[in-house]
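Generate coordinates for the entire structure from the input sequences, incorporating the hints supplied.
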Amino acid sequence: METAEIKTRLTPIFRDVFSDNALEVKDTMTADDVVKWDSLSHINMIYAVERAFGVKFSIRDARSMKNVGELIQLIKKKAG
Amino acid sequence: MKYSVETLEYSDLIKESLTVPKYDKLLPVKPMKLAILADCAVQQLATLLKTLAARNGVALDVYEGGYDSIDLEILNPESALYSFGPQYLIVLMCGEKLKSRLYDAADRRSFAADTVGRIENLWRAFGTRSSATIVQSTFVLPSERAFGNYELKVADSVGAIFTEINYQLAQRARSAKNVLLNDVDFLAASIGRRQWLDGRLWSMAKIPCRLEHMPRLAQSLLDTVLAAAGVFTRCVVLDLDNTLWGGVIGDDGLEGIALGEFDEGEAFVAFQKFLKELKRRGILLAVVSKNEHANAILPFKEHPCMVLKEEDISAFVANWDNKADNIRLVQKTLNIGFDSFVFLDDNPFERNIVREHVPNVIIPELAEDPSSYVETLADLNLFETAAFSEADLQRAAQYREEAQREIIKTQFTNVNDYLASLGMQIKLERFNAFNLPRIAQLIQRSNQFNLMTRRYGEAACEAMMKDKACAPLTLKLSDKFGDYGLISVVILKPAGEALEIDEYLMSCRVLQRGVERFAMNNIFAYAQRLGAKRVVGHYLPTAKNDMVKNFFKSFGFEKVGEVDGGGSKWALAVEDYRPREVFMSEAVNELHTPEPVDAL
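The listed protein sequences correspond, in order, to chains A and B. The opening residue of the first sequence carries number 1 in this note's numbering; numbering runs sequentially from there. The opening residue of the second sequence carries number 1 in this note's numbering; numbering runs sequentially from there.
Note that these hints are calculated values from the structure, not bench results.
No more than 16 Å apart at the CA atoms, straight line, and that leaves these computed lysine to aspartate or glutamate pairs for EDC-like:
{"id": "1", "chain 1": "B", "residue 1": "Lys99", "chain 2": "B", "residue 2": "Glu151"}
{"id": "2", "chain 1": "A", "residue 1": "Lys77", "chain 2": "A", "residue 2": "Asp61"}
{"id": "3", "chain 1": "A", "residue 1": "Lys56", "chain 2": "B", "residue 2": "Glu212"}
{"id": "4", "chain 1": "B", "residue 1": "Lys97", "chain 2": "B", "residue 2": "Glu144"}
{"id": "5", "chain 1": "B", "residue 1": "Lys15", "chain 2": "A", "residue 2": "Asp16"}
{"id": "6", "chain 1": "B", "residue 1": "Lys15", "chain 2": "A", "residue 2": "Asp20"}
Remember, it's a predicted structure, so these values are computed and weren't measured experimentally.
Here is the structure:
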């Protein structure tokens, strides 16, 4: 799956989970950049991404992701 | 639809939670105050509880106790739990926590007793400070076993100790009046214990189960809370053809329907057995079927494999009217709210019609295969309750008698056919010593169908009973559905050339059955035998007896005078009375004896 496609599919998920209809997914984006990105919605986001892409993140994956770009790379690796 | 497993999707519910108004915005609706204490994280659970409650029209004010501070909150009278003042307290204890404590325990022998003792002590302590109901979870058994299948053979294995704790909790909860159980282990097992926990989420955030199952957990906890608040299923309305048996009774006949010991027949029998168990536990069963009544009832009477019998059904409606109307009829007869009804019908058309017209009824989607019916119902957890007593065992019979009368009425367009079908039996007797207390009671209580409202006491009644010149009479009515007992009092006294109706009253339970026509026929027959020229009577108005102001007129009496207070005097010549048609047989008629007055 191409990075661009992943980004396109992530956008509605992020908008839903963080309740922000104007949100644009960027590689450098972190929790600090999104008002409603807290520990609770983080878990909801991981859950939604896992279901949407049919992937499963390990605890280490979840802890090591530094920004959305790394999340996209992880999805790319796991989803093949 | 109120419930459906498909509507319990985690992400959708989280999204929906944003639309749930904060409880204070719903004022003046008083929110239900619910506290959650848990040894795991409950933010998601609390959000789901509020959202699902809103779907049920309930505003929930939730207090989330601090993480893993169940004991602290309950044992400290100054805690925020008590200042919140909950109506319900969910105590959610996780198997993972218990397991880890058990692995750490130096001595396992007293572990089960200590754990149960600790919980029971919490219930007691909470009970002394709050009148709220506790909803206590059971512990989800771990899916790993160090001993394999030998696990339960070893008294201090994890599996054996967990099983013991859950069993002991159930035992103690039976005698604890302020405690309901929520069997989270049952929910986890029915989903699959191996599918229950998300090890990553537990490790990272102490989330008690996989997020995809958390709506089921929230719904299950909410079901218990709502049941405690009085919201629960009271009646299951059943279709017949292809719901209780396979095939169409009207076409296939008694031998042709699928019901018995194999294939579909077996599945229908299993379904009926579950319904019978529901009836045993106090849920009313009703039938609404598009059928000729005689066909619909036939399997209940004659099919050897029918589990449900006529007496299990509190209201039986079989006709060709639309089912929405018939369910309204059942509701009216049983007099319970639509939101406590579940309607089961294999036909999507009928389900949709009812859904459209009677929106509060719970209508599960039944798959085509009857072997899935029980499972579908179990999945929806439609039959919560917060109490069970002997009275529940009797409920079906109590509702049945009255419901059958009401429903039969709707099957006749001609009221006379209906009355004839009731098989009414009437007894006309003089007052006697056995009846005096009941007579006096009826005289005191009857307000509406009471012409003179004279309120004779028991002593006055006894005097009339002994007075040979007077004819103080009672009427008792029964029909094929049951016995009404003594329902009417008529007191006749000769007055010169006339026979006077001195008192006439009837219980309103037997209106419109023609009892008064039977009585009037007999009054005039008696007047004729006495040689009286006419029958006279009074209507004395009260605040409540407007119903009978035209009583005499309806039998052809003429108004012959006024009485103080707006009353009127009526008379009708004996030779002018035309006997009315009645639809009851006389079990006893003491006025028929040749010399009725002297004979007594």
